[in-house]
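Number of protein chains: 2
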Amino acid sequence: MKFKMKNLTPAQYLVSGYFVIIMIGSILLMLPIATNDGQGLGIIDAVFTATSATCVTGLIVVNTKEAFTIFGSTVIMLLIQIGGLGIMSMSTLFAFVIGKKISLKERLIIQEDLNQYQISGMVRLVQYLLGFTFTIEGTAAAILFLRLSQDYSFWKAVYLSIFHSVSAFNNAGFDLFGNSLENFAGDITINFVIMALIILGGIGFGVMLEVYNRVKFKKTTLQTKIVVIITLIMLLVGFILMFGLEYNNTMRGLPLLDKILSAMFLSVTPRTAGFNTLPTGQLRQSSLFLIIVLMFIGASPGSTGGGIKTTTFGVMMVTLKNMVTGKEDMEVYNRRFEKQIIYKAFTITMLSAGLVVLVTTLLLIIEDFSFLDVLFETVSAFGTVGLSTGITGHLSDLSRVLITITMFAGRVGPLTLAVAIGEKQRKGTYHYPTEKVMVG
Amino acid sequence: MKFKMKNLTPAQYLVSGYFVIIMIGSILLMLPIATNDGQGLGIIDAVFTATSATCVTGLIVVNTKEAFTIFGSTVIMLLIQIGGLGIMSMSTLFAFVIGKKISLKERLIIQEDLNQYQISGMVRLVQYLLGFTFTIEGTAAAILFLRLSQDYSFWKAVYLSIFHSVSAFNNAGFDLFGNSLENFAGDITINFVIMALIILGGIGFGVMLEVYNRVKFKKTTLQTKIVVIITLIMLLVGFILMFGLEYNNTMRGLPLLDKILSAMFLSVTPRTAGFNTLPTGQLRQSSLFLIIVLMFIGASPGSTGGGIKTTTFGVMMVTLKNMVTGKEDMEVYNRRFEKQIIYKAFTITMLSAGLVVLVTTLLLIIEDFSFLDVLFETVSAFGTVGLSTGITGHLSDLSRVLITITMFAGRVGPLTLAVAIGEKQRKGTYHYPTEKVMVG
Ligand SMILES: [K+]
Ligand SMILES: [K+]
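Protein chains in written order, with full-length UniProt numbering: chain A, 1 to 440; chain B, 1 to 440.
Looking at chain A on its own, in the form it has when it is part of the complex (with noise of 0.2 Å):
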């Protein structure tokens, strides 16, 4: 067993880790008590939603609230929280191990050689991250129950807390309520709330543990900066254009405040949450085409997020502004990054676009949907966003399949190909010589 687990690559862990829990959770969606029709979910349904709860995407082929039981809806739950802690645990072990430029195949081995201090720098690490992660989750819903104690009994409302708190956080968009937070569109509690987890969660453990250290005094990294200024970006352009947008479209009607919000969580949730307070269906086709942008783009490396990643986002703009510029090193904060971390930026947008391209194709031939509702319904899957314009549930069995693969891939592919392309590197033992081409 030992010597069979020395031969797997970090990247290969991560993937098998992730493809056994979806399938405990698949058995356990499947078993009676799991539906309240008391027969379980088909197969297919079953991979699929587990794939979803897992990979933190939420999108459904089942309405959660009408399907499942207390059970199943607390094994989807669970299901989301392990997914969550894990990726947030393992890349922001992996950002860790590109910050001090040991590979993580050496800190594996030093913690076999019983390296005392490496085990309590992990062991402190995954002591924070339980403990950011709870501290969130449980104020959060502490709040939330005030406010759907008004609505609800007291243990449903101490179950629907708990639940949506740890959907929001990990940025997993799967709800009790039938139809997302569209009930509550205008509800000023659940919507900062829900909007606080949402970006405390997207942006990325890394970045809270720096913020949270920097009242110690510490220097600030390019990586939180460039996290916080593309977020911030993100947030504003999406929250202005969605505003312009749908002033008189899905908002009209609705006082002034209620506009805001509803603009405000537009923007919040591509990010990649999920949630929507407004019928993604009925939203503009501009809105949509700006939103599977900002899906596709994603969270930030760290986070319970999809998507390519703000970071690898501000690394191509910033060697776009340089290249337009006309200079040579690119630069940014006065430090410059290395050509690898951009090749590697332009490798993970390009494989995802890719992977897009091909997905919505393949879903082109087999259903009969509209171009925008099959593109926005792949990058939702691709990016584990979870929003959905209604197509989901009308997809057939190939097409399930094919977004639960293509979920499955958007989560671990990213960041699996960000490790595996750091591991693989090695020096050529020689150069061949250049030869310039003409591009464009």
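Since the hints were made in silico from the structure, they are not lab data.
Treat identical chains as interchangeable: a pair holds within one or across any two.
Pairs of lysine-lysine, BS3-like flavour, derived with a Cα cap of 27 Å:
hint : residue 1 : residue 2
1    : K321      : K339
2    : K156      : K65
3    : K225      : K339
4    : K321      : K225
For clarity, every value in this text was computed on a predicted model and none was experimentally measured.
Guided by the hints, dock chain B with the ligands onto chain A, whose structure is given.
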């Protein structure tokens, strides 16, 4: 005058040259003798048509056959020829400059010093270019005449042969049949002559020159290898998918040979000719999406075609492959790319994608057409392709202006960028320290 000219960068020369030609063309198309109704075109449609012709795009807001007199269509043909030759000579020139590692500015200065060798090199280049162009166009026109003289009177057939030969070789996509080549879906002569013109025109003058010179035993450049390989892959993938997707759709009822011919044409025309033998608006969504991807990639540098270019795509694919397989150098065919070429390829692609996203969003806000139609139209305009699902003639004035700008940007943009980036590139006086950022 001379003083002013000196202050223009080569990129600015290119842009102002195109601008002046478009303005002259617009004025000519506004003359009463240009249109059959004796009123000339309105200013917006005149600028649209002149831009479409000069940028060899081929999108039309008025039916070329019905609207224009012989004078009008001859103006269009001349704009196509000037625009096509301009882009071929400029980009070939830039490619040579890049190949010889001296800047165009240096070369222009050398010229001003009356260095006969340099000038004679340029004169020879232009001679070659004109020779190739008129030889190919003349030969093709002669073959087209043999076929068209069966259906049309002598002089009509002569004019039609020349017009379509010029339009096809320059990848312009303008036609005088009223419905592109839909009447000739199964016509072997027309199909093969037009496809040959499109491919030759789209493969780039540099490659043609090299193949021509190869007879004299020179080595094949990396540029040529990439162009040929990527072009072949795009043709093959396009053919197979189009054949499969449209077999039971737009090709239903056609004999097998015509189906094969139609699929071949569909795979060739996005490189960026813009002719169609099947009604574009009736293609499946999946086919249209595939065509969008092919149009975005486009043709090769030094050709009359648009898009981000096959070499740009090739450089990115090589980078992807090397990153995923863990190479440090970006190698292909025993050569490696310098990081600046890779940055340039990704920069051009990202800025192009950014332009497409921006224009698509604006059009979606203005118009009520479906997302797929609008995206198709935008990429077609950007890639100077000229295919349309049929919405061009129904666009509002504001949208026509937007598409005009997009055609212009798509024509001069990537090349200008490629040159401008090369021009301005300078070594920094000092390097900032690197800092790692986690992407993906
Ligand atoms: K989600
Ligand atoms: K064209």
